[in-house]
Amino acid sequence: MKPELPAPAGLMRHQTGTGAIVYRFVVSLLILLAGCCAVPAQPVQAKHAKVELLSHQPPAHPGKGLLLGVHFVLEPGWHIYWINPGDSGQPPVFKWQLPAGFSAGEILWPRPNRMQSSPQMADYGYHDDVLLMVPVHASQAQSSNAPMEVGLEAKWLICREVCIADHAQLHLSLPLPAAPVAKENPASAELFARTEKLLPKPLPHGWKANAESKKDSFVLHIFTHAGERLGQAEFFPLDPGQVDNAARQDLQLSAQGVKITLKKSDFLTKPIAVLRGVLVLPGGDAYRIEAPVTKSIQ
Amino acid sequence: MKKLRRSIFQMVVLLALIASALAVKVGEPAPGFDSVDSNGKPQKLSAYRGKYVVLEWHNQGCPYTKKHYESGNMQRLQKEWTGKGVVWLTVISSSPGAQGFVTPTQENEYLKQMKASPTAVLMDPGGSLGRLYDAKTTPHMFIIDPNGTLVYNGAIDDHPTSDQSDIAGSKNYVSAALQEALAGKPITDPATRPYGCSVKYGKF
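Residue numbers (the working numbering), protein chains in the order written: chain A, 1 to 298; chain B, 1001 to 1204.
Don't take each hint at face value.
Claimed, not checked - Computed footprint of chain A on chain B, listed as stretches where at least three residues anywhere in the stretch have a Cβ under 8 Å from a Cβ of chain A:
1) 1053 to 1063
2) 1113 to 1121
3) 1152 to 1161
4) 1192 to 1198
Hints were generated in silico from the structure; no laboratory data involved. Source: prediction; values computed, not measured. A virtual CB, placed ideally from N, CA and C, is assigned to each residue, including glycine.
Just chain B, same shape as in the assembly (with noise of 0.2 Å):
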């Protein structure tokens, strides 16, 4: 008895690690999370059922973040989202030491002085939010629908670059698509390959 609860224990935890190596999919269920925002506060994703919710992955030192946060456009979206009822949350899963990594008082700071409002800022210090999702760059957007499915995973725009002056003349993929699921279409473009500077993950 004993012998069969440790090989189903086991069997759990390889079926685990194999559920987590696997990527998030388009049109299969955002993994759930519990994680605590810039404001100590518990963030989990099952609170927000019922909402559409943005993952903005970020690293405030990386040109690719700097070209949405210093034209503005990224705050434009944060605001012109969350007040659709839109929840908005920005990750940070810049390891201790690395580029990006910020404690929760300088997030706010940042945010601040920035002046972005997204709903909160998640920090994933340990990386783990990050490798749930296989974020792989910062931007990195996933929207998440009132279900709990992943509608959208990919870039924040088509043009690939650190360039403010591009932002103009770019498809915004995340704007695109919560404009389609709200008025109850298919998105056109549900997976894109994101652009910009690595997540700055710890080593293991």
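Same shape as in the complex, but just chain A (with noise of 0.2 Å):
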């Protein structure tokens, strides 16, 4: 079966007469761009940073979506943020362009890094180099056989002692699953790869979190299936203004697992339901919280 890939919806209007041929001229042309240089667009250089759009791999099977991802390669000293940005800061944010019928989900964040920059003062976020991978659905079998266009507007604050906003417009020509050429990139599969280890797992079967409110603090427990040891765990709270980034996390274990109490922030006004975050163990292992929060009964 021929794997087949949509056109770009400005070039379908273009199908009798001179158009005909300009728009084949066009096809033809771009196939073969694609086929001779396609993957790995030029990264844009911004300020302290070098940004590139990247694909996964073409996608297998028409109708079937992709994986994108947006690489980061900062200068030593310079972070940008998480979906969390913590006590200053602010998350990157992408605005997609897409051929009809494909749709992008939100950013798969890998595991944050703390940047404790004073004792009052937390951020989250990423140094040295991150990938932000954005899954791309099909919403419908698509059929075509022009490359894929993808283009992304995005906007992002970078900062060392200062911050600077900064942006750019990315594109990439996916080439067509079937030409000779259409494998990945080497080194992109394997920053992929290597992503793919630092994105938040569900929590391992017979895990369980729960935390309970106190006056001034979360306290998070982490039952573990065979009391496996958690020490150095690390929470880092999903949603901002819930728990005080800077304060000291206070970690006891236990027989059944983990105790982390967490102070609550001072911009936290309402009861919350869910504490979510990530906890990231010492090793390296990260995983997805969502604990239900209780009164405590004091």
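Hints are included, so try docking the two chains, each in its own frame, into the full complex.
Right, dumping it as structure tokens:
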């Protein structure tokens, strides 16, 4: 079966007369271009960062989605932010331009790093380099024999001691899956594979999380299956303004797992039903936490 | 006797340290301060008893501060609320050498150039006022009521971005809180998460 891809919407209109000739010429040119040098587009040199739009692999089957990624390579000392930036900063925002029938999902955020600039301030984000992956869904079976054109308007804040709001227009032309060069570039394949390992996973089978709301703190309990030790685990709150980012997390091991006391944020004025976040273990494993919150009986 | 006095002194120091480590809370007395403004004039919080006081943490180089100054939004707020008898104190806690640090002369030139009209600009290069209020970002806004109680702590509005085009569709928390407070109503959002650049404190 020959896999097919959709044509950019704009090109579909000219299929008669001279239009058709121009159309065929443009399509052949695009196919030729795609065939010769497609997958990695040129990285854009932004302020203190190189930014590049990458594709995990061309979709193997029509109608199937694909995985794209925006790769930020940051100059030493500079950082960008997680979905919850912490005490300052702002997460990147992506606005996609996709062919009809495709829609972009949410960013798959790799586990963040804590960046504590003072006893009062802590931010969450990434330094050195990070790939922000975004799944793209195909809402219907696509049929076309033109390369798929993807555009992205990316906006982000990059900070060291100072912050700069920056943006870039990125572009990627995905070759036809049938094209002989439609293999993934090994460096980008490695990058996607490495990044997938950094994505928070659901809690292992048999583990459970819940949280108690006390006057000034949340006590997060993680019950492990066989009393696995979770020393040095660190919690990253997903929703801003619930947990005091800079406060020390008090961790106590127990026979059932671990208990982490998290100081409440001064900006939290209403009770919350669920404490969401990411638990990062010393080895680097990260788990998604959705802990139902109960009011402490005291 | 001497020993007792010493241990009392140590306890007082310890309590003061504990108190300074606790962040200011809405509904509690706002910590008093004794600062100096960009005209070299002393500025005490206690001098403004009986009035609403707004504190605005500022850094002229920060993209989030620029959002509200280059659009004229902050100047509009300053003009509107000082016109209604509210005291507006802009605070600069950038340490010398850090982004946003300015001399009093530079700050006064900036105010003129931006047509900004706060009641005064407090120069806090040592960061003690910033740390006293646990100011995190620029901007970070506080409102103190005529009794000296902190009634608002948080963001300037509900759009945590550096885009000027977001201002029109934003709910301005400071205006909303002042409107409610002046009308004798409870404040709907007394604490929100501030957004912006981190305050550029120096190292301890």
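Outcome of the hint check:
Note: the region 1053 to 1063 of chain B has 3 residues with beta-carbon separation from chain A under 8 Å; the three-residue rule is met and the coverage holds. Against chain A, the region 1113 to 1121 of chain B contributes 0 residues with a C-beta closer than 8 Å to a partner C-beta. That does not satisfy the three-residue criterion, and the hint is violated. Note: the region 1152 to 1161 of chain B has 4 residues with beta-carbon separation from chain A under 8 Å; the three-residue rule is met and the coverage holds. Chain A is given as covering the region 1192 to 1198 of chain B, and this holds because 7 residues of the stretch bring a CB closer than 8 Å to a CB of that chain, at least three being needed.
Violation of the numbered hints given earlier is confined to hint 2; every other hint is satisfied by the structure.
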